[in-house]
Each structure stands twice: as structure tokens, then as C-alpha cells.
Amino acid sequence: MILIVAGATCREAVRSRAFLGLLLIFAVTALLTRVVGWVSATDGNIVALDLVMSLQSVIGVLVAVATGTVLVQSEIQQKTLYTVLSRPLPRWRFVIGKYLGLAAALIAGQLAMAVIGLAWVWITGASLNPWLLLAVGMTCLEVLVMAAVGICLSMLAGPLLSAVLCLAVYALGHAVATLPQLIDHLESWKRTLAVAAAALIPNLGYFTFRGQAIHGHGMTATDAAVSLGYAALWIALLLVVSIAVFRRKQL
Amino acid sequence: MHRAGIAYWPIVIILGAGILGWNASHFVGAVQQPRTKNLDFLPPPVVAQALACGQGTALAKLRWIDSFAYTQLQFDRQDDRVAGEGERGGFERLYDTLITLDPAFVPFYEHGVVNTSGVLKHHQAALSIIMRGLDARPHDTGLWRLASAMLAVQFDWAKRNPANLDRWLNAWAAAESEDGRQAVLDWRRGLAFTHVEGLETLPYWIEQLRGTRPGTAMADFVEGTVRELLAQHGCAVLKRIAGGSQGWLPSGSLLPWAPPQLDVRAAAAEWPRSVPAWAPVMRDASGWQLRADPFGWPWIRRGAEVVSPGADQRRFLKQTFGQRSQIQGEADQRGRAPADLAEARAWGVELPVPPHGGHWDFSQHLPDVAWPDPPSQPWQLR
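Going down the list, the sequences are from chains A and B.
First residue of the first sequence? That's 1 in the numbering used here, and the numbers climb one at a time after it.
First residue of the second sequence? That's 1 in the numbering used here, and the numbers climb one at a time after it.
Looking at chain A on its own, in the form it has when it is part of the complex (with noise of 0.2 Å):
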């Protein structure tokens, strides 16, 4: 039942305006890359592999707002979901197979950008090494604790504040990851309160592989495992919340 409505998730996310249309944008803004390198003095192929890289994860992260937050309250809205909880599927089967179908959507499209924005700059003269597919599995770990920060946000909110609170999360998320070098700034409770408060956000930084892999640098196996569970455990903390939130919630 989970795969059903996971397949069913997945369709319709493929197929949502938000989906092909930021999918587009990448593809028109991945070949004005290429321009910028052009322009930057140098021979241009650092340049727009980084950019390319870089709009892969913006974009896979605003894919994964614009349909995460509005996957269950879109179902709520258009009367479907009374009709699959009518069926006998537990909640938490129909929480679990909406992210998944909608991780299934994200990864494809990640995998899409990929092989857009990759083949462009080798065609237009970049050399790509294989770190650059272990940094593009960094960014689908990003992307999808990104919609697992949605779906949960969109259970406690509407889908716009979530959507907002969505992208302060991925700011806020990032901006984590450079707090131990600020934090000494930092005196008695207010050390501690900022550090407890860091702690309640996912830490981005674990997935941005992509300014290392540009370079051809490599990431330790130990670290790829490290991002891999921290990923899994932040995915699995936010669904097993939205899970509990619409266990209650009064539809």
C-alpha cells in the first residue's frame, strides 16, 4: 500500500507545473553558466562547473519546497485524501508513502539536472571527475532531508508559511555549519543557548561535498557514511513527527 501511494506521489509530482518548470529554469540558467565562465578570465571550466553544481542544489532544494509543503494539504484541499483514508491504510503507511514517491520524484529530477548541467560543460569543454557523482549524491541527501523539513513544516502550518519556514531552515541550516567558527565569540549561556539552538536545525554542511569535488578533491568513505546517517536520522526524526502530528490532526 505504501508503494501505491508512493507510485501514485511520485506521478503526480513529476508532473506538477512547479516540478517541470524550476526543472526548466535549471536548464536555461545551466547553459548561461557557461557564459559567466566566459567572462571570468580564466578558462571559465571551474567556474561554470561550480555554478552548475550550485544551481543543482538550489533548485533540487526549492523542487522540494514547492512540492513537499503543499503534497498533503493539496490532497486535504481536493477532498483525495478522505478518499485513500476511507481505504484501511494506517496514516502513518500514507505519510511514509507520500515521501517516499515524492524522494523518488526529487532523486529523478536531481539525476535529470545532473545529466543536463554535467554533459553541458563537458560538451562545452570541462573536464568532470567522479567525485562530482558522489557530490551530486550529497545534494539528493540535502534535498531530501529539505522535503522531509516540508512535509513536516506543512503538517503544523499552511503550505505557504511552511514553504517559508522551509527555506529559513535550509539558510539557517547552512549557516550552522559555520557556527563553530563564530561560537568564540560567544560568552557562558549565550555559547549555550546558541549551541542548543543550532542543534535543533539540520547541519547542511555535512552535504556540501560540491566545492571540494569541483577541485577533484575526494571525501573519506568514514565521511560519506557520516552524511549518509545524519541524513537518515534527521529524515527519519521528521517523519516519525509529521507521522504523529497528522495521527492527531482533525481532518
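Just so you know, these hints were derived from the structure itself, not from any lab.
Check the hints yourself; a few may be wrong.
Stated by the list, open to error - According to the in silico footprint, chain A covers these stretches of chain B (three or more CB under 8 Å from chain A):
hint, segment
1, 42-52
2, 62-69
3, 103-113
Stated by the list, open to error - SDA-like, lysine to any residue: derived pairs with alpha carbons at most 25 Å apart:
hint, chain 1, residue 1, chain 2, residue 2
4, A, Lys-190, B, Val-47
5, A, Lys-190, B, Pro-45
6, B, Lys-121, A, Ser-40
Just so you know, even glycine gets a beta-carbon here, dropped at the ideal spot from N, CA and C.
Add chain B to chain A, keeping to what the hints say.
Same frame as chain A, now just chain B:
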């Protein structure tokens, strides 16, 4: 009553075409103008990292491209003080931020050095930028070369601190792979010749010589060029030494000269420690000796000048290239080469008489000059 709807697509197309034309009109007839933008947004590195939302490397590159206009501004202004605390100028703060965001991107260091050292003459700041580069990329040959050039040229280590420069170059060699160490050797050689009169480009030609196969036309050309440079240097040095003692360079004499004719004091002043391999003299157990020129000919004094016959021969061939080509063209038309110099003249081409006992050889497609064999061995170059 049914009213016919308005067809919107033609309106959309017309409006779209108008907007496209309007936008494109900005580029028609546009003249390139120097951009003189100031650094109006310059967050500290840690703040920039926090604001970059995980896209630090990409944003750093965009900020860097945007800062090109600031470079253009500084070409004229030469003053990059910006608002805020501290003594550091705009470029230093800019590259501090950029390098923090993407320490592996080499152009940040290269441009940082060009802007701080080249444009503003802040060599100390440039050196600190390049040292950060070596910290981030300790095996980058380009950065080592750039740092070495800065130390040698801007800080004059070759003269003022040769021991430290030597240690520095050893550190560079240690950072290189087995193949890469050749770059350090080349650099050392290049540095050594920077102040040697007439031999400034010798390292380049030696490098070219290494890439040629003996006996090929390219090898002959490069070898000839190297010998010519060495001869040019030898003439200059011998003229200088002769100035100290007019007696030991008798006009028009054939050399090598006897050792007593050498001005030992002048030679010792020229090479106080040891005589380099490219010098026109050598010193062994029996004392100072004058070598033949790099082509194996004895040097000749002509008035106040010292002449290398070998270099003279090469120069002669270069100077007569036009006439030789003319004869080649005539010979192609007539189907045969001229029999001798007189016939060449009869064809309307005035060929000068070769110096140093040479005579024209028309057996080649392009007429050449046959010279007698030099009395000594040419200098060993390989």
C-alpha cells in the same frame, strides 16, 4: 448572444517581439566602457560563509567576477582604502573573503597578487595571499613559481637574501614530484641568467634544445641560436675586459691568444669566484685560457669590438636570406641553379662575398655558404 472572443496570441506575439527588440536594443551599437565599480559589499569571511547558504564556492566566483570592475577603478585611483576598521585595503579584504569561501580556486591567488602587487605595489599583502595559496595547495607548481618570482623580483632575494632564496627553492623542489623538479631547476637556471648580459633568454633556448632530436633542422636552428647567444655574451665580456688592457687584444689577430696576453686582473674581476660554463675564458691549473668562440672559431678583434666569426657567419646567412630566396625563385623558373657567383649576378641578384673564407654553394635548392671547418671543436651543448 454569442460574442466572438478576442484572439490573444497575436497580441502576445506582438508585445513579446516589442519587448525582445527593446531589450536587444541595449546591445546594438553599445561601446565597451571601463567599469569603475567600488567594493560596496564586503562582508568578513565568516559572515560571508554564513550568508552563502552552502553555495560559498559559487558565490565567491560570482563576487570575484564582479570585482573586476574594482580592479579597473584601481588602475586609475591607486588607493584601495575602504570604510571600516583596520589598515587592510579593499583588495586584501576581498581576497581574504574569496579565499576563505573557496581556498582551492587558484585564480583567486593569481589575481590577488596581480591586484595587490602589480596594481597597488602592496608586495607584502601579495606575498601573504600567495602564502595562503601554498597553504591550501602545497603542490601547485604555478603558485610556487609565482611566489618564487615575487621573492626574487619584488623582495630582491636573489641579491639581498640568496641563502634564503636557495632554501626556498629547495622547499619548492621538495613539494614537487620527480618530474616537477625540472621546473625548479629551470627556474633556478632562469634566475641565474636574469642578470647575465646577452643571456637572458638562454634558459628558454636550452629548454627548447632539450626537446629537439640531434640532427634535425629544428635542432640545428636551436643549437645555432644558443651558440649565437653565447657568442654575443662572449663578445660583450671580452670587449669589457679588453677595455682594461688594450695590450692583450691585438687588432685583427687570430686567436686563441697566448695566456700572457690575457689581462688576468680584469678576468679575475669579472669572475671573482669561479668561471661559469658560458664564459669565453676558462681557468685551469695552468691559469687563464681563452676559449674559441661557441662555433669553434677564434675570436677576432675589429677596432674596439670583439667579433665571433661563427656568429658573423650566421648573421651573414640571415642578412642574405632575401637574395638567396631570389636566386631560388630564379632557379625554379630557369630550371637550374646558377653555376657561380658571376652568373648569379648576371641574373640580377647581387650576392655579397661571404666573410671568414666562405664561398657560395649553389648546389642546394636555397643557395648556401660553405665555410671552412673551424680550427677548434664547437662548444658542447648537450
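- prompt: Do the alpha carbons of A/Lys-190 and B/Val-47 lie within 25 Å of each other, as the hint requires?
  reply: Distance ~19 Å between A/Lys-190 and B/Val-47 Cα, so the pair holds.
8 Å C-beta test of the segment 42-52 of chain B against chain A, three or more residues: Holds, because 5 residues of the segment 42-52 of chain B bring their Cβ atoms closer than 8 Å to Cβ atoms of chain A.
- request: Verify the coverage statement for the segment 103-113 of chain B against chain A, using a C-beta to C-beta distance below 8 Å and requiring 3 or more qualifying residues.
  value: Check passed, 4 qualifying residues.
message: Would the hint linking A/Lys-190 and B/Pro-45 be met if the CA-CA limit is 25 Å?
response: With Cα atoms ~22 Å apart, A/Lys-190 and B/Pro-45 stay inside 25 Å; holds.
- prompt: Are 3 or more residues of the segment 62-69 of chain B near chain A, judged by a Cβ distance of less than 8 Å?
  reply: holds (count 4)
task: With a cut-off of 25 Å on the C-alpha distance, tell me whether B/Lys-121 and A/Ser-40 pass.
output: Holds, at roughly 24 Å.
The structure meets every hint from the earlier list without exception.
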